[in-house]
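Single-letter residue listing:
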Amino acid sequence: MILFDRVTKVYPNQQIALSGLNLHIQPKEFVTIVGSSGAGKSTLIKLLTREEVHSSGKIIVGGLDYDTIQSKDVPLVRRRIGVVFQDFKLLPGRRVGENVAFALEVSGARGREIKRAVPKMLTLVGLSSKANNFPDELSGGERQRVAIARALIRQPKILIADEPTGNLDPKNAWEIIELLLKINRFGTTVLLTTHNKEIVNALKRRVITINRGKIVKDEEQGRYSLESAPTAGIKA
Amino acid sequence: MLQFWRVLHAGTRNFMRNAWLSTAATVVMTITLTIIVTSFITNSTLTQTIKGVTDKIDVSIYLNDAVTTDQRNSLQAALTADPNVQSVHYRSKDEALADYKAQIGNDQKLLEGIQLTGNPLPASFQVKAKDPKHLDSIVAITDEPQFQKLLDPTAPPSYSGQNKDTINRIVRVSNFFKTAELFASILFIIISTLIIFNTIRMAIFTRREEIEIMKLVGATKWFIRGPFVFEAALYGIIAAVIAVILSYALLLGAGPKLASYINVASTIDFFRSYPVLIVVGELVIGILIGAFSSLLAMSRYLKL
Numbered sequence: 001m002i003l004f005d006r007v008t009k010v011y012p013n014q015q016i017a018l019s020g021l022n023l024h025i026q027p028k029e030f031v032t033i034v035g036s037s038g039a040g041k042s043t044l045i046k047l048l049t050r051e052e053v054h055s056s057g058k059i060i061v062g063g064l065d066y067d068t069i070q071s072k073d074v075p076l077v078r079r080r081i082g083v084v085f086q087d088f089k090l091l092p093g094r095r096v097g098e099n100v101a102f103a104l105e106v107s108g109a110r111g112r113e114i115k116r117a118v119p120k121m122l123t124l125v126g127l128s129s130k131a132n133n134f135p136d137e138l139s140g141g142e143r144q145r146v147a148i149a150r151a152l153i154r155q156p157k158i159l160i161a162d163e164p165t166g167n168l169d170p171k172n173a174w175e176i177i178e179l180l181l182k183i184n185r186f187g188t189t190v191l192l193t194t195h196n197k198e199i200v201n202a203l204k205r206r207v208i209t210i211n212r213g214k215i216v217k218d219e220e221q222g223r224y225s226l227e228s229a230p231t232a233g234i235k236a
Numbered sequence: 001m002l003q004f005w006r007v008l009h010a011g012t013r014n015f016m017r018n019a020w021l022s023t024a025a026t027v028v029m030t031i032t033l034t035i036i037v038t039s040f041i042t043n044s045t046l047t048q049t050i051k052g053v054t055d056k057i058d059v060s061i062y063l064n065d066a067v068t069t070d071q072r073n074s075l076q077a078a079l080t081a082d083p084n085v086q087s088v089h090y091r092s093k094d095e096a097l098a099d100y101k102a103q104i105g106n107d108q109k110l111l112e113g114i115q116l117t118g119n120p121l122p123a124s125f126q127v128k129a130k131d132p133k134h135l136d137s138i139v140a141i142t143d144e145p146q147f148q149k150l151l152d153p154t155a156p157p158s159y160s161g162q163n164k165d166t167i168n169r170i171v172r173v174s175n176f177f178k179t180a181e182l183f184a185s186i187l188f189i190i191i192s193t194l195i196i197f198n199t200i201r202m203a204i205f206t207r208r209e210e211i212e213i214m215k216l217v218g219a220t221k222w223f224i225r226g227p228f229v230f231e232a233a234l235y236g237i238i239a240a241v242i243a244v245i246l247s248y249a250l251l252l253g254a255g256p257k258l259a260s261y262i263n264v265a266s267t268i269d270f271f272r273s274y275p276v277l278i279v280v281g282e283l284v285i286g287i288l289i290g291a292f293s294s295l296l297a298m299s300r301y302l303k304l
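Protein chains in written order, with the numbering used here: chain A, 1 to 236; chain B, 1 to 304.
Chain A with its partners taken away, still in its complex shape (with noise of 0.2 Å):
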């Protein structure tokens, strides 16, 4: 589903953010990706995302070479792929329902459909009673669910959660985690980036460790730990 080949990304600056990283990710995996702040987690994701273009090395997702993406095919590369974040990045002026329609709106999608789909959608992440509120008047457990059906309205095969536990409480933090591990049962491959210790070690699934720029450890069923800086950058 997702391959990275040797890819390295140096950064208009020279700094190095991703060296020669190789990394496969299989369909239907549910991984987490640990590493203390700069390790290059964040530069991974916007490489699959298409924010930044990598330097050199191979990416392939679901079958697509993004050594050929041209720049207007860049925003049918991001409908392909949902991506949550610690801030959820809702509009604030929209309502619930408003804001998971954005999604579909944006591709193109018929009214009758993006009718049919959102009511749907809430209700898989629990929220079908909120679709009329507006983000403030939701907690931020909530607020991350609307990120997620957003994120998955439009049916991506692969779903990217940065950091969604960073701004919630320990319960709500499990409430989204459990949420996601039933988006990947239903067959939706996650790549989750965490510094929360619990949820990692709780998750028994495969964890990969990065650090400056290359993978250091990669387990199936791996515990949080950061090699060369044990406590830097631990939130929760």
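Heads up, some of the hints might be wrong.
Said to hold, decoys possible - In silico EDC-like cross-links for lysine to aspartate or glutamate, where the CA-CA straight-line distance does not exceed 20 Å: (1) B:Lys221 <-> A:Glu51; (2) A:Lys72 <-> B:Glu95; (3) B:Lys303 <-> A:Glu51.
Worth flagging that the hints you see were computed from the coordinates, not collected in a lab.
Fair warning: this is a prediction, and the values are worked out from it, not measured in the lab.
Given chain A, work out where chain B should sit, using these hints.
Here is chain B on its own, set in the frame of chain A:
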């Protein structure tokens, strides 16, 4: 198509949300378009006025009654040979009298006077110059000795009935107004471009978050840019409608006061004869200014 409507809808919503900035941009655009439309219309009127008065500049060369046909023909040949002469028309005494009668109409006293004196009006050549500003060569011909003696001693050659100075002044003033209007139009196009540029720049800043989210969920570049372009075009569309109404009202209201200076009636006629041209022209100019300024702002502040 569906995407297109969504872009229009988003543009309209942005316009409403930014009520104050939108109003300011629309007002400036309205002023600009009003200046453009009044300039355009008065320009065409002034051009006609100038053409009208310069057409009237001709030289009347009055002949004495003793001139023979041969003499007359030689003068006509000399005038026709002048490169600045466009046409030479001979008006006989009878024609002059007929014209005069037509002019005075039913004024019995004047008619009686003519009958008493016989026909006092001289025959004449009506010479029309190609360039009315340079009549010197025509004057020079009449000053030649062999032609001098053919002229009517009581009526020296007249240049548009001594109106030449007035005509020149009208031409000068009209040209000044045409230049001033062109200058004002360009100045205001620049001002409104800058104002809209700034309005859209502000809109981009206030909506950075929304733009980021649009990118995130896979909006195409034109789906993101479109609402800004449409918002700016909307300033132009609304301003065009107001400007046409405003300038028409201005013409009707100020018309009586201006009537002694310019031909207001023909200006209003022009407005009534070409309503579609004026409205469409204003819309096109307004939309172009808006779209251009917003594209300019986006090229600098909206990196996608």
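Here is what the structure says about each hint:
no.: 1; hint: B:Lys221 <-> A:Glu51; result: holds (14 Å)
no.: 2; hint: A:Lys72 <-> B:Glu95; result: violated (80 Å)
no.: 3; hint: B:Lys303 <-> A:Glu51; result: holds (12 Å)
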